[in-house]
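> With chain A fixed as given, assemble chain B onto it according to the hints.
There are 2 protein chains.
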Amino acid sequence: MNYFSSNFKLGILGGGQLGKMLLNDTRKFDIYTCVLDSSNEAPCKIASNEFHLGDLMDYDAVYNFGKQVDVLTIEIENVNVDALEALEKEGIKVYPASKTLRTIQNKARQKLFYKDNNLPTSPFTRFAYTSEVKEAIDHGSLTVPFVWKSAQFGYDGQGVKIVKSVSDLEGLPNVECIAEELVPFKNELAVIVARTPSGESKNFPVVEMEFHPEANQVEYVICPARIPEDVAQKAIDVALKTSEAFNHVGLLAVEMFQTHNDEILINEVAPRPHNSGHQSIEASYTSQFEQHLRAILDLPLGRTDSKVGGVMVNLVGAEGYSGNVIYENISTIMGLDGVTPHIYGKKQTRPFRKMGHVTIVDQDINQARKIAEEVKSTIKVISE
Amino acid sequence: MNYFSSNFKLGILGGGQLGKMLLNDTRKFDIYTCVLDSSNEAPCKIASNEFHLGDLMDYDAVYNFGKQVDVLTIEIENVNVDALEALEKEGIKVYPASKTLRTIQNKARQKLFYKDNNLPTSPFTRFAYTSEVKEAIDHGSLTVPFVWKSAQFGYDGQGVKIVKSVSDLEGLPNVECIAEELVPFKNELAVIVARTPSGESKNFPVVEMEFHPEANQVEYVICPARIPEDVAQKAIDVALKTSEAFNHVGLLAVEMFQTHNDEILINEVAPRPHNSGHQSIEASYTSQFEQHLRAILDLPLGRTDSKVGGVMVNLVGAEGYSGNVIYENISTIMGLDGVTPHIYGKKQTRPFRKMGHVTIVDQDINQARKIAEEVKSTIKVISE
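Protein chains in written order, with the UniProt record's numbering: chain A, 1 to 384; chain B, 1 to 384.
Keep in mind that the hints were calculated from the coordinates and are not lab data. Hints may be right or wrong, so weigh each one.
One copy or two, it doesn't matter: identical chains are merged, so the pair holds either way.
Claimed, not checked - Restricting the straight-line Cα-Cα distance to at most 27 Å, the calculated cross-link-like pairs of lysine-lysine (DSSO-like) are:
1) Lys9 / Lys354
2) Lys347 / Lys93
3) Lys347 / Lys89
4) Lys380 / Lys9
5) Lys9 / Lys89
6) Lys370 / Lys241
7) Lys99 / Lys115
8) Lys186 / Lys134
9) Lys370 / Lys9
10) Lys354 / Lys380
11) Lys45 / Lys9
12) Lys346 / Lys99
13) Lys234 / Lys89
14) Lys347 / Lys67
15) Lys164 / Lys134
16) Lys134 / Lys99
17) Lys115 / Lys186
18) Lys45 / Lys347
Isolated chain A (complex conformation) (with noise of 0.2 Å):
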C-alpha cells in the first residue's frame, strides 16, 4: 500500500492531545487522516484532513467510522472494542487489535495475561464485587494494606485506591475489581516498545517517573533513567517480552515498578503513544508519534536513542481554578534554555487537568532537570 499518494486513509479513534501530537508527524508524510470524537471542541480537529463527531464507545459509529479508513489506530482505550472485531473481520487493519483492548481495558485480564505469560507483576487475587473484598478481609483470606483497582476504565487518579484499613473501602462502587499486594518501591519506570506487523521491535530508553503526591498523576518524566545499566536492561527486557506476548503492532507503553531488590514489576500498559514518551518529540532521533505510525504502516522503525538528555513537566490545572485557561508566565520559561511547551488546546481548564506539557533537553541531564524544576515552579495553569 502507498501511504504517500495514494487514496490511503489512516482513521485515529479519539480526537485529544496524543493524537493532535499524532497528526503533527502524520503532516510530515503528508498522509491523509480520519479523527472520530465526541466533541467538537476536540485539539484534533484541525491538522486532521477528516473529522467526525460521533461517542467511541458507540458501536455504529466506530464501526461505520472503521469502514472508511484503511488503517485504523487509537489514541485513548476506552473505545468500542465489538466494533473494532468486526473491522478486523472485514479486512480493516486495526492496531492495536480488538483482542488486546479487551485485555488491556479490564484490569484483571490484563493481570492475569501477564501472569499466563510470566510475565512479572504483583501478586493480586481478582473480585467479581468490592463487597467481596470485605468479606476476604473478614475471612482473613486478604489482608491490609493493599491497592485496590476497578477491573474497568481505571485511570491516572480514578479507579484506584491504596486500602489501608476496611473503612477505606466505604464509598467505592461495588464493581468487578483486583486487590494488588502494596509492593514497595524505588522508582516508577517505563519503556516504549514498537513492533511492527512484520515482527520488527524497537525500544525507547528506559525513562523514569516522578508522579504528583496528591494527584497520581506524572509530574516529571525523565530520560535516560537514572538507574544502573543492568536494572535498565532487565527493565527492557520485560517491555519487549510483552510487545511479543500480546503479538502487538504499534506502540506499547510498560509502565513498571523497580523495587527495593531491583526487581521489574509490570504495573500496567498503554497499548499508544504515551505521557512517558513524549520528550522523545525533542530528545530522541525518532519521536514516539512518528515512531507509532512508522509500526502501524509497516514502515522501517526509526532510531530510538537519545540526541540528548530529555525531561518532561506536564502542565496541569492549578487547584483553585476553573474556567478559560491562562499559561502564566509562558514566556518567562520560554527564555531558559532548552525549554519547548506544548499547549494542547483545551479551552478550559480545572485542577488537575492535563493541558499540555514542557520538554527539557540538554547533553546533561541533571541539567535538564535543574531547569525542569524552575519550569514546573514558574508557569501556572490558571483561569482568566
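Frame of chain A, contents of chain B only:
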C-alpha cells in the same frame, strides 16, 4: 498580548511548504492561524484555523486579510507590499516590514542596500533595461563574463543567467536588471538570524550548500559547514550585521559566497524561514520555524546550537516525469539511520519542482553526509 489563550490571530501570507512547517510549530503553542493563498490545493489548507483563498499580489486581498489578524508574516516574498504598508499604518504588526520587503523584492535595490550599509557583496552595475547591458558591453564599460539578474521576481533558477558572451543576452526579457561580477568561490554558505521587536538576536550555525549543477537548486545543506572557525565567524558577523541593518524582525536567511581567499560576500537574503534551515527541525535545539514564531511574537528566542549534525536533501521532481506524484523507495530510505522524510503534500510533480526534503542526522556529520548520498541515489520523485 497573550498568544496562548486569547483572541489573538496570526496571519500568514502564502500557503506553501514553508507555511506548512510554520503551522506545525503553531500547533505546539496552540496559536490561532489564518492563511491566505491563491490555490485551493495549498499544503497549508489543513492545520490552519482559517484558510482564505486570494491572490497574494492583489492589494485588496492582502489588505482585507491582514485587517483580520494581529500579527502578519509571510512565507513567500511576492506579496502586495502596498497593502502591507497600509496595514502597518493601521497598527497591524507586519514582520518582515513592508520597507524591508520592498528592498528585497528588487535585486538592484537589495544590492544598493548592502553597499549603503557597508555590507560585503560582489561589485555590480544597475540597468533600467537588458538592452542597456548590451550597449554597455559594446561601449566597453562592461566586460564578460558576468551574472545577469532581473531586478524583480528573481528566484532560484529563474531570472538569473551567467553571461559569457554577448549572444547569451539573447532571449532574456528586456527588464530592469543588474550585471554582477562573476566571483569564483569555494563554498556557498548561509546563516539564519532571528531578531525580535525588542532587538534580541540569535544566529543558527553556518551551513554549507551544495547546488545541483543544472537546476540551480540546493541539493544538500550541511550543518555545521565544514569550514575553518574564523571563516564561520566572519560569515556569522556579516549575517548579524545584515539583520541589524534591516532592523529586521523574524528570520533573515543570509546566503553568502566564501571566495578563494576566504572573503565573505552576500549573495542574497530571504526574510523568512528558508530551505537552508530545514535540518534545524531535527538537528537544532530550536527549529527555524519555532524560532520565527518566537521572534515575531516577541517571545524569548530559543537555543540555536545543534543537538547533532544534520544534512538536508531536497526532494525535487525527477526529469521526465509530470503528473500525480509517487515517492519511489521512500520506505527504503526510512530504513536508514536517522532519516526523516518531509513530504510537502503537492499532488503533482514536474521536473525540479520542490516536493519535499529529507533530513539525515547523526552525531558524526560525515556519517550523516554519507547516508545523505545514499538517500539521494535511492529515492525518486516520479509520476504514476
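> Determine for every hint whether it applies to the structure shown.
Structure-based check of each hint:
{"no.": "1", "hint": "Lys9 / Lys354", "verdict": "between (29 Å within a copy, 24 Å between copies)"}
{"no.": "2", "hint": "Lys347 / Lys93", "verdict": "between (34 Å within a copy, 26 Å between copies)"}
{"no.": "3", "hint": "Lys347 / Lys89", "verdict": "neither (39 Å within a copy, 33 Å between copies)"}
{"no.": "4", "hint": "Lys380 / Lys9", "verdict": "between (39 Å within a copy, 23 Å between copies)"}
{"no.": "5", "hint": "Lys9 / Lys89", "verdict": "within (18 Å within a copy, 46 Å between copies)"}
{"no.": "6", "hint": "Lys370 / Lys241", "verdict": "neither (34 Å within a copy, 35 Å between copies)"}
{"no.": "7", "hint": "Lys99 / Lys115", "verdict": "within (17 Å within a copy, 71 Å between copies)"}
{"no.": "8", "hint": "Lys186 / Lys134", "verdict": "neither (30 Å within a copy, 82 Å between copies)"}
{"no.": "9", "hint": "Lys370 / Lys9", "verdict": "neither (43 Å within a copy, 34 Å between copies)"}
{"no.": "10", "hint": "Lys354 / Lys380", "verdict": "within (12 Å within a copy, 43 Å between copies)"}
{"no.": "11", "hint": "Lys45 / Lys9", "verdict": "both (16 Å within a copy, 17 Å between copies)"}
{"no.": "12", "hint": "Lys346 / Lys99", "verdict": "neither (32 Å within a copy, 38 Å between copies)"}
{"no.": "13", "hint": "Lys234 / Lys89", "verdict": "neither (37 Å within a copy, 65 Å between copies)"}
{"no.": "14", "hint": "Lys347 / Lys67", "verdict": "between (32 Å within a copy, 25 Å between copies)"}
{"no.": "15", "hint": "Lys164 / Lys134", "verdict": "within (12 Å within a copy, 95 Å between copies)"}
{"no.": "16", "hint": "Lys134 / Lys99", "verdict": "neither (32 Å within a copy, 78 Å between copies)"}
{"no.": "17", "hint": "Lys115 / Lys186", "verdict": "within (23 Å within a copy, 66 Å between copies)"}
{"no.": "18", "hint": "Lys45 / Lys347", "verdict": "both (13 Å within a copy, 23 Å between copies)"}
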